[in-house]
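**Student:** Here is what each chain is made of, one letter per residue.
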Amino acid sequence: MAEVSIERESAELGGSSALGSRLHTVRMPSRPSMWASVRRQPLALTGLVIIIIFSLIAIFGRYLAPYGPTEQFSKHILEAPSRQFLMGTDEFGRDILTRMLYGSRVSFQVGFISVGLAGSVGIVLGLIAGYLGGWVDNVLVLLMDVIWAFPAVLLAIVFITTRGNNLTNAMIAIAIVYMPTFMRVVRGATLAIRQTTYVEAAVATGVSTPRILARHVFPNVTAPLIVHASLNFAAAVLAEASLSFLGLGNKPPNPSWGSMVASSYGFLQQAPWAAIFPGTAIALVVLGFNLLGDGLRDALDPRLRNAAGAEK
Amino acid sequence: MLQFILRRVLLLIPILFGVSVITFMLVRSLPGDPATVAIGVDQRITPEQRELVRKSYGLDQSKPVQYVKWMQHVVTGDLGKSLRTKRPLTTELKLRLPVTVELTLLAGLLGIIPALSVGVLAAIKRNSAADYAATVVTLLGISAPSFLVAILLILLFSYHLKWLPPVGYEKFTVDPVKNLKGMIMPAISLALPFAAVMMRNTRSAVLEVINQEYVRVARAKGLSGSRVLTRHILPNSALPIITIGGIQLAGLLGGTVIIEQIFGLPGLGRYIYDAIRNRDYPVVQGVTLVLATIFVTVSMLVDILYAVVDPRLRRA
Numbered sequence: 001m002a003e004v005s006i007e008r009e010s011a012e013l014g015g016s017s018a019l020g021s022r023l024h025t026v027r028m029p030s031r032p033s034m035w036a037s038v039r040r041q042p043l044a045l046t047g048l049v050i051i052i053i054f055s056l057i058a059i060f061g062r063y064l065a066p067y068g069p070t071e072q073f074s075k076h077i078l079e080a081p082s083r084q085f086l087m088g089t090d091e092f093g094r095d096i097l098t099r100m101l102y103g104s105r106v107s108f109q110v111g112f113i114s115v116g117l118a119g120s121v122g123i124v125l126g127l128i129a130g131y132l133g134g135w136v137d138n139v140l141v142l143l144m145d146v147i148w149a150f151p152a153v154l155l156a157i158v159f160i161t162t163r164g165n166n167l168t169n170a171m172i173a174i175a176i177v178y179m180p181t182f183m184r185v186v187r188g189a190t191l192a193i194r195q196t197t198y199v200e201a202a203v204a205t206g207v208s209t210p211r212i213l214a215r216h217v218f219p220n221v222t223a224p225l226i227v228h229a230s231l232n233f234a235a236a237v238l239a240e241a242s243l244s245f246l247g248l249g250n251k252p253p254n255p256s257w258g259s260m261v262a263s264s265y266g267f268l269q270q271a272p273w274a275a276i277f278p279g280t281a282i283a284l285v286v287l288g289f290n291l292l293g294d295g296l297r298d299a300l301d302p303r304l305r306n307a308a309g310a311e312k
Numbered sequence: 001m002l003q004f005i006l007r008r009v010l011l012l013i014p015i016l017f018g019v020s021v022i023t024f025m026l027v028r029s030l031p032g033d034p035a036t037v038a039i040g041v042d043q044r045i046t047p048e049q050r051e052l053v054r055k056s057y058g059l060d061q062s063k064p065v066q067y068v069k070w071m072q073h074v075v076t077g078d079l080g081k082s083l084r085t086k087r088p089l090t091t092e093l094k095l096r097l098p099v100t101v102e103l104t105l106l107a108g109l110l111g112i113i114p115a116l117s118v119g120v121l122a123a124i125k126r127n128s129a130a131d132y133a134a135t136v137v138t139l140l141g142i143s144a145p146s147f148l149v150a151i152l153l154i155l156l157f158s159y160h161l162k163w164l165p166p167v168g169y170e171k172f173t174v175d176p177v178k179n180l181k182g183m184i185m186p187a188i189s190l191a192l193p194f195a196a197v198m199m200r201n202t203r204s205a206v207l208e209v210i211n212q213e214y215v216r217v218a219r220a221k222g223l224s225g226s227r228v229l230t231r232h233i234l235p236n237s238a239l240p241i242i243t244i245g246g247i248q249l250a251g252l253l254g255g256t257v258i259i260e261q262i263f264g265l266p267g268l269g270r271y272i273y274d275a276i277r278n279r280d281y282p283v284v285q286g287v288t289l290v291l292a293t294i295f296v297t298v299s300m301l302v303d304i305l306y307a308v309v310d311p312r313l314r315r316a
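Taken in sequence, the protein lines are chains A and B.
Residue 294 in this note's numbering is what sits at position 294 of the first sequence, and the numbering runs on without skipping anything.
Residue 97 in this note's numbering is what sits at position 97 of the second sequence, and the numbering runs on without skipping anything.
If you are wondering where the hints come from, they were derived from the structure by calculation, not from laboratory data.
The C-beta atom is built at its ideal place from N, Cα and C for all residues, glycine as well.
Treat the hints with care, as some may be off.
What the hints assert, rightly or not - To give an idea of the interface, some chain A residues facing chain B are shown, with a C-beta separation under 8 Å as derived from the structure:
(1) D145
(2) L246
(3) G279
(4) V286
All chains should be modelled from the sequences, with the hints used to inform the complete structure.
**Tutor:** Here you go:
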């Protein structure tokens with residue numbers, strides 16, 4: 001994974017300095033940078049802002065927390081939000097704001113690791129399947145179809161139950177569930193790129209297959225991949241919340257937003273805030289990544305860009 | 001056409017084979033001795049008696065032999081018996097599958113109607129207030145976890161307005177009104193993310209078509225707006241909507257695990273969740289296989305429908 005990204009960077013550097021200066025005037029305009037794409041999309045920008053705020057909370061939140069995450073105030077059980085407890089307290093008299101701040105890390109951790117894991121395996125398999133074709137492609141696609149046939153939540157539940165109920169296994173389970181989607185995206189893009197003249201040229205000049213995949217194919221599938229990774233991050237956060245809502249993955253009394261909603265469920269009528277605050281936090285983070293992914297997709301899809309231009 | 005359908009049906013065999021192998025392997029690696037579950041945790045028995053129980057369930061044989069035996073039974077329609085209740089799975093399925101199917105179909109119905117109408121409207125009136133409103137609703141629907149929606153519904157309709165019971169189930173044949181009262185909130189919780197995805201896809205599918213030359217030609221030759229919509233735009237944007245709709249609808253089955261748990265519905269989702277917790281492996285294995293089979297069959301039917309609607313795909 002690291003090697004691939006280094007190669008991509010050097011490819012980009014080479015493209016902008018040596019090739020770019022000579023060919024730029026003749027050939028197509030360069031693709032707008034990610035940042036330029038995001039900036040033009042108000043919704044994507046909103047998403048990015050939400051993500052940045054929550055990332056900062058995940059990193060620094062625990063230092064701002066007024067109390068300890070498992071500190072119990074036995075005289076303040078299920079209390080409504082007040083000046084002392086800004087988001088109220090739960091059934092053990094623990095400060096909900098503090099637990100929210102600590103719990104944010106779980107969501108981001110699961111998002112990053114699951115998407116990273118699903119992505120790296122999915123990308124490699126997708127490149128291989130799409131580029132080699134033939135029986136390799138058939139076998140890999142069948143394998144993905146098999147994984148895809150299981151209801152996602154169910155596969156994750158069974159996996160966690162058999163491998164042990166902890167956060168690591170929850171992250172692996174989520175990665176397994178979403179890996180086929182990465183493979184599908186990369187495979188589709190690779191199929192199209194395989195037909196291009198520059199790949200043909202690379203084959204003709206005797207470039208090895210792994211090198212073609214890393215330097216000629218992979219850099220050209222990054223655009224759909226980034227969109228997919230962003231949307232998948234949202235899905236992973238949602239999946240972790242659902243699993244810990246069912247009592248899988250995160251171990252209480254450790255705070256995770258999903259398990260906070262679950263444990264407050266029994267006291268819904270007396271203390272709705274105990275469920276609503278963490279539930280809303282989940283929805284907001286997921287919304288942020290969905291907005292960013294959607295916005296990037298619109299910005300990177302040349303057809304949509306043309307369609308928008310034609311209307312004016 | 002027939003050849004296409006045949007090939008697609010035959011593809012089910014390797015997929016279902018893979019599904020059954022993975023299910024079997026995963027379930028057999030559940031920690032704990034199945035014999036303990038069968039006997040009951042609190043019962044004290046001698047090792048000899050335990051061996052006898054293991055033998056009666058075929059647990060003394062090797063894993064591949066167990067798998068083949070299981071498959072032999074499944075093919076003849078025998079999914080095995082629950083270790084705990086000793087009741088055959090097929091009996092339980094007859095009771096529980098209708099609950100889950102009703103929930104899924106109700107959710108599908110509640111989701112698809114607003115999704116299609118608002119999705120088409122948002123595409124036709126692109127960048128209007130209606131379009132932005134639809135976008136916002138869509139994003140909220142995709143982002144809110146179904147259990148949060150369920151909790152908010154319970155808070156509003158059960159505790160605040162006191163219109164609907166927070167939990168409870170009655171068979172449709174016994175009391176249809178009570179049945180629907182118990183089903184409506186779970187169905188909405190399940191339907192919201194589904195509706196959001198469908199609305200987004202409908203919008204982009206219609207947008208894809210709306211700028212095509214033939215639509216412009218249809219307008220230019222003087223067809224009315226509604227006729228252009230029903231004759232040219234909708235048939236051509238139906239394909240991606242059908243595909244995603246079918247897969248999403250089948251995907252709702254997985255969501256029932258959480259929703260049935262919250263609302264206490266006696267469906268398949270809750271059954272399998274309880275079975276996993278109790279290490280009742282024949283149930284886990286059988287129900288997983290049933291759910292996966294439903295999912296795979298639906299996506300096969302979607303593919304075939306796709307080919308029926310679009311003749312270009314038949315040759316591919």
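**Student:** Quick check: which numbered hints come out false for this structure?
**Tutor:** Failing hints: none at all.
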